[in-house]
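*Asks:* Knowing the structure of chain B, use the given hints to seat chain C on it.
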Amino acid sequence: MTVIKTKFGRRAFIKNTSLASGGMILGFNLLASCKDKTVEEVMLMPKEWFEINSYLKIGDNGLVTIYTPNPEFGQNIRTSMPMLVAEELDVDWQSVLVEQAPYHKENFGFQFTGGSQGIRRRWESLRTAGATAKQMLRQAAAQNWQVPVEEITAESGMLHHTSSEKSAGYGEMAALAATLEVPEVVKLKEVKDFKLIGKSHKNIDAKDIVTGKPMFGMDYQKEGMLIAMVEHPPAFGLTLSSVDAEEAKAMPGIKDVVTIKSYKDGFEKGGFDTNAFPELVAIVGNSTWEVMQARKKLRVEWKPITASTETVKGFRGEETKNIPAGLESSTNHKVQMAALAAKPGKIVRKDGKPVAAFKKAAKVLERTYSAPFLAHNTMEPLNAFAFVQGNKVKLAGPMQIPSSMLPAITSSLGIPEENIEMDIPRMGGGFGRKAYGHYVLEAALISQKVNSPVKLIYTREDDMTNGIYRPTYQATYRAAFDVDNNLTALHVKAGGIPESPLFANRFPAGALDNYLAEEWSIDSNITIGAFRAPRSNFMAGAEQAFLDEVAETIGKDPIQFRLDLLKRAKENPVGEENDYDADRYAGVLELVREKSGWKQNDENVHRGVSAYFCHNSYAAHILDVTMKEGTPIVQKVCCAIDCGIVVNPDAAKNMAEGAITDGIGNALYGELTFKDGVPQKNNFHQYQMIRSSDAPKEIDVHFVQNEIEPTGMGEPPFPPIFGAVANALYKATGQRHYEQPFVKEKQVVG
Amino acid sequence: MAKFNLKINGNIQEVDVDPNTPMLWVLRDHFQLVGTKYGCGIAQCGACTVHLGDNAVRSCQLPVSAVGDKAITTIEGLSENGDHPVQKAWLEVDVPQCGYCQAGQIMTASALLKKNPSPSDAEIESAMDGNICRCGTYTRIKKAVKLAAVETENS
Numbered sequence: 001m002t003v004i005k006t007k008f009g010r011r012a013f014i015k016n017t018s019l020a021s022g023g024m025i026l027g028f029n030l031l032a033s034c035k036d037k038t039v040e041e042v043m044l045m046p047k048e049w050f051e052i053n054s055y056l057k058i059g060d061n062g063l064v065t066i067y068t069p070n071p072e073f074g075q076n077i078r079t080s081m082p083m084l085v086a087e088e089l090d091v092d093w094q095s096v097l098v099e100q101a102p103y104h105k106e107n108f109g110f111q112f113t114g115g116s117q118g119i120r121r122r123w124e125s126l127r128t129a130g131a132t133a134k135q136m137l138r139q140a141a142a143q144n145w146q147v148p149v150e151e152i153t154a155e156s157g158m159l160h161h162t163s164s165e166k167s168a169g170y171g172e173m174a175a176l177a178a179t180l181e182v183p184e185v186v187k188l189k190e191v192k193d194f195k196l197i198g199k200s201h202k203n204i205d206a207k208d209i210v211t212g213k214p215m216f217g218m219d220y221q222k223e224g225m226l227i228a229m230v231e232h233p234p235a236f237g238l239t240l241s242s243v244d245a246e247e248a249k250a251m252p253g254i255k256d257v258v259t260i261k262s263y264k265d266g267f268e269k270g271g272f273d274t275n276a277f278p279e280l281v282a283i284v285g286n287s288t289w290e291v292m293q294a295r296k297k298l299r300v301e302w303k304p305i306t307a308s309t310e311t312v313k314g315f316r317g318e319e320t321k322n323i324p325a326g327l328e329s330s331t332n333h334k335v336q337m338a339a340l341a342a343k344p345g346k347i348v349r350k351d352g353k354p355v356a357a358f359k360k361a362a363k364v365l366e367r368t369y370s371a372p373f374l375a376h377n378t379m380e381p382l383n384a385f386a387f388v389q390g391n392k393v394k395l396a397g398p399m400q401i402p403s404s405m406l407p408a409i410t411s412s413l414g415i416p417e418e419n420i421e422m423d424i425p426r427m428g429g430g431f432g433r434k435a436y437g438h439y440v441l442e443a444a445l446i447s448q449k450v451n452s453p454v455k456l457i458y459t460r461e462d463d464m465t466n467g468i469y470r471p472t473y474q475a476t477y478r479a480a481f482d483v484d485n486n487l488t489a490l491h492v493k494a495g496g497i498p499e500s501p502l503f504a505n506r507f508p509a510g511a512l513d514n515y516l517a518e519e520w521s522i523d524s525n526i527t528i529g530a531f532r533a534p535r536s537n538f539m540a541g542a543e544q545a546f547l548d549e550v551a552e553t554i555g556k557d558p559i560q561f562r563l564d565l566l567k568r569a570k571e572n573p574v575g576e577e578n579d580y581d582a583d584r585y586a587g588v589l590e591l592v593r594e595k596s597g598w599k600q601n602d603e604n605v606h607r608g609v610s611a612y613f614c615h616n617s618y619a620a621h622i623l624d625v626t627m628k629e630g631t632p633i634v635q636k637v638c639c640a641i642d643c644g645i646v647v648n649p650d651a652a653k654n655m656a657e658g659a660i661t662d663g664i665g666n667a668l669y670g671e672l673t674f675k676d677g678v679p680q681k682n683n684f685h686q687y688q689m690i691r692s693s694d695a696p697k698e699i700d701v702h703f704v705q706n707e708i709e710p711t712g713m714g715e716p717p718f719p720p721i722f723g724a725v726a727n728a729l730y731k732a733t734g735q736r737h738y739e740q741p742f743v744k745e746k747q748v749v750g
Numbered sequence: 001m002a003k004f005n006l007k008i009n010g011n012i013q014e015v016d017v018d019p020n021t022p023m024l025w026v027l028r029d030h031f032q033l034v035g036t037k038y039g040c041g042i043a044q045c046g047a048c049t050v051h052l053g054d055n056a057v058r059s060c061q062l063p064v065s066a067v068g069d070k071a072i073t074t075i076e077g078l079s080e081n082g083d084h085p086v087q088k089a090w091l092e093v094d095v096p097q098c099g100y101c102q103a104g105q106i107m108t109a110s111a112l113l114k115k116n117p118s119p120s121d122a123e124i125e126s127a128m129d130g131n132i133c134r135c136g137t138y139t140r141i142k143k144a145v146k147l148a149a150v151e152t153e154n155s
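Protein chains in written order, with the working numbering: chain B, 1 to 750; chain C, 1 to 155.
Don't take each hint at face value.
Straight-line alpha carbon distances no greater than 30 Å define the calculated BS3-like cross-link-like pairs of lysine-lysine that follow [said to hold, decoys possible]:
| # | chain 1 | residue 1 | chain 2 | residue 2 |
| --- | --- | --- | --- | --- |
| 1 | B | LYS249 | C | LYS3 |
| 2 | B | LYS222 | C | LYS3 |
| 3 | B | LYS628 | C | LYS115 |
| 4 | C | LYS143 | B | LYS595 |
| 5 | B | LYS675 | B | LYS697 |
| 6 | C | LYS143 | B | LYS199 |
| 7 | B | LYS222 | C | LYS7 |
| 8 | B | LYS249 | B | LYS105 |
Taking beta-carbon pairs under 7 Å as the criterion, some of the chain C residues facing chain B (in silico) [as the list claims (entries may be wrong)]:
| # | residue |
| --- | --- |
| 9 | CYS40 |
| 10 | CYS45 |
| 11 | GLN61 |
| 12 | VAL67 |
| 13 | ASP69 |
| 14 | ALA71 |
| 15 | ILE75 |
| 16 | GLY77 |
| 17 | CYS98 |
| 18 | MET128 |
| 19 | ASP129 |
Since the hints were derived computationally from the structure, they do not count as laboratory data.
All values derive from a computational prediction rather than experimental measurement.
Positions of the beta carbon are idealized from the N, C-alpha and C atoms, including for glycine.
So here's chain B without its partners, still in its complex pose (with noise of 0.2 Å):
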């Protein structure tokens, strides 16, 4: 049993103010019952609810409302997150109902869904928050039915004291709970207790989603409301000259056209306050179709940037980002790659003697991988809704990290901080890409100048030329082998622009005598940002590929030939920095070749194996392909996860299969390229998405069984993927494919 002090996060666990409570029912629409709701069951509604701490509130009748901390995108913690809360608090599931927080730091701590950190975050504060309020329960029952507190058991939203025979619902001592003190303490189950962690449940806003009721910022709704949309430069390396906004400002439904500057000059930037087009012109109308005709006839003038240099204060610490001036290329990127590739780069690990084993070997194994930029392409195109009234601003939209919109919104539009308030709605998707907040704060500064609430809309085609894209890298992998054929030095150096995607510390380092690992980068003005496994989704990739290669140079199983370094990581490890667990990593390796049949594979069907450690989790894919006509079929994937303990585990496999789905159309057709500066693609019509025939036909997830508290799950699946895509292409065509995109224009492979 683990014992918790309340002490984190207190402010969380004190009865507050500042949230609907005692008495007022909430509207039917906010609410997302764990059940399906019928018109008696909304009737059962409690006459009154009593907030026990910022978490939870408990009914007079016995329901209990959960607010659900963090923005949810698609990983389903709208259901997990109340899971752990509802687990400690002892209640049945179809007492639940699921309210989402709004913003509040004090009430829900760090509301950020990104990193793969949701669970993780909140496995122990969510946790207590139910365990908190149990206790007070158990307490109010004592004093109520004046026995030890020891002596009452709480069970299914029941409180029972067995000698006097006497129990009670949750609802019936909350009004007196609500008004205890917060224990000092609170004790924690052991997993051997959990009743909900570790089973299915469905997701909760499934019914929602299947009868299309508004839930996404896209959807919101308000009187009087104005749509907005804003045109940016059509290339990097352009901003803002001059619009003549007559003709547009005179088609029907048109409000206003202006212009607005998203940042003082001398705003201190954060890490996500990421943004290439800071001075836009913003149209406003009625409605969305006249604001898209009307868009048409802006006649706006760009002129180029200047060169500048600028410090962002991210979670990586201070850094200084140079913007270069200009109008970039691919091809002109891939020549300055090129030429960075073959100069010495930043020694960030050296192992041993790497350049005198280069020297004395046999025989040296060079491969060169790459990938181009990526764009994020949420199925929901970035919006935004903000109603500036005087100094107080009211905003929603889909937000992966609302907190990260203060600063900005305080400096740009002079509201004080407690006067923001945000609305967290679901979002499309993120994959990283909403953790840069760019658009909601254009829309609280159209907002403030034309004095209306608006919502602004991105077109799919602003969506994706907008930057903040995955950056385009670029590894190369050496291996040095003697005359036995033994695998004696291995050397990385890998770069990307404007970032290196290199983690030195990561396996195969650790499991080598002599390792060199370098890095490079390339200054752009393309902005970049998190996508889905940030650096890793590349890394991934191309070390594995390699280690696949050479596994094949010396002979040996590919699966064996990983094992064999990691058994070498543990026994005996090189370096103290080494970051995984080779035991956890050679333990996905295991499972899956066990549940995949290794070598048990038809002679039609190719095989590749990839594994990586990310995100604080391990994932190994086998993915099976076969050959139509040339073209690839993925059959299936065979995947295993060490994600530690898995809350809901039907909804962990439902991400694992996504992710290995995207990663499989990101590794096969993924790809934004630029010509003077303008990205070639701006619709779907040409940005290859993998679609339902090209999904794999089988995806088989496993994890492993353990009692470690849980670590990643978003984004873990997702970088072993392309590793598993290369490696079984190689099988299938007979060739090895070292850039990605690996088909482009529905090209044939091989």
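*Replies:* Relative to the frame of chain B, chain C by itself:
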């Protein structure tokens, strides 16, 4: 501007708009039927799929003036209580992740099953190819379409 009487989800409703306005925006902006989603505006992603009569069409490419007296069904009108066999199958398989594309997927799948009650895997893939899911729920979508087909046959 021009007035149109449209049959949407069984009700006749009037709207006064530019005749070129795509049904997508008529539904979303004028009737607050926001279950039909905007994804690309060029009929490449399927998020805006509705039924025109019995056919699945991309509402972003359907001008209001082209609808005439044909019945339009949106996700909100697919069933009275969210219990269309396709919706039930979607719940049973627990398909959605972010959920944004799913209304379009369901409208395409339900039109497919009306025409072809027991589609083959290849027929499902081909019919669903116009609907992008960036979360990658395709394997579950296919499973749900098959389940709905079985349920429809048995009912």
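*Asks:* Each of the hints needs a verdict: does it hold here or not?
*Replies:* Here is how each hint holds up against the structure:
Proximity of LYS249 of chain B to LYS3 of chain C is assessed by CA-CA distance (about 24 Å); at most 30 Å being required, the pair is judged to hold. For the proposed pair LYS222 of chain B and LYS3 of chain C, the alpha carbon gap of about 25 Å is at most 30 Å, so the pair holds. Between the alpha carbons of LYS628 of chain B and LYS115 of chain C the distance comes to roughly 28 Å, so the proposed pair stays at or under 30 Å and holds. Distance hint between LYS143 of chain C and LYS595 of chain B is fulfilled; the C-alpha atoms sit about 22 Å from each other, no more than 30 Å.
The suggested pairing of LYS675 of chain B with LYS697 of chain B is violated, with an alpha-carbon distance near 37 Å, which exceeds 30 Å. For the given pair, LYS143 of chain C sits about 21 Å from LYS199 of chain B by alpha-carbon distance, which is consistent with the 30 Å threshold. Proposed proximity of LYS222 of chain B and LYS7 of chain C is supported: the alpha carbons are some 26 Å apart, at most 30 Å. For the hint linking LYS249 of chain B to LYS105 of chain B, the alpha-carbon distance of about 41 Å lies beyond 30 Å, and the restraint is violated.
Annotation: interface hint on CYS40 of chain C holds; nearest CB of chain B at approximately 4 Å, less than 7 Å. The criterion of a C-beta within 7 Å of any C-beta in chain B is met by CYS45 of chain C, whose closest approach is roughly 5 Å, and the hint holds. With 7 Å as the threshold, the beta carbon of GLN61 of chain C stays out of range of chain B, its nearest partner Cβ sitting at about 12 Å, so the hint is violated. Annotation: VAL67 of chain C was flagged as interfacial toward chain B, and the flag is violated, the nearest CB pair being 15 Å apart, outside 7 Å.
Residue-level restraint check for ASP69 of chain C is violated (minimum Cβ-Cβ distance to chain B is 22 Å; threshold 7 Å). With 7 Å as the threshold, the beta carbon of ALA71 of chain C stays out of range of chain B, its nearest partner Cβ sitting at about 17 Å, so the hint is violated. A least Cβ separation of about 3 Å between ILE75 of chain C and chain B falls short of the 7 Å threshold, and the interface hint therefore holds. Given the 7 Å rule on beta carbons, the hint for GLY77 of chain C is violated: about 9 Å separates it from the nearest Cβ of chain B.
Here the hint on CYS98 of chain C is kept, as its CB sits about 3 Å from the closest CB of chain B, short of 7 Å. Interface restraint check for MET128 of chain C: the shortest CB-CB distance to chain B comes to about 4 Å, inside 7 Å, so the restraint holds. At its closest, the beta carbon of ASP129 of chain C sits 5 Å from a beta carbon of chain B; the interface hint therefore holds under the 7 Å criterion.
Violated hints, in rising order: 5, 8, 11, 12, 13, 14 and 16; the structure is consistent with all others.
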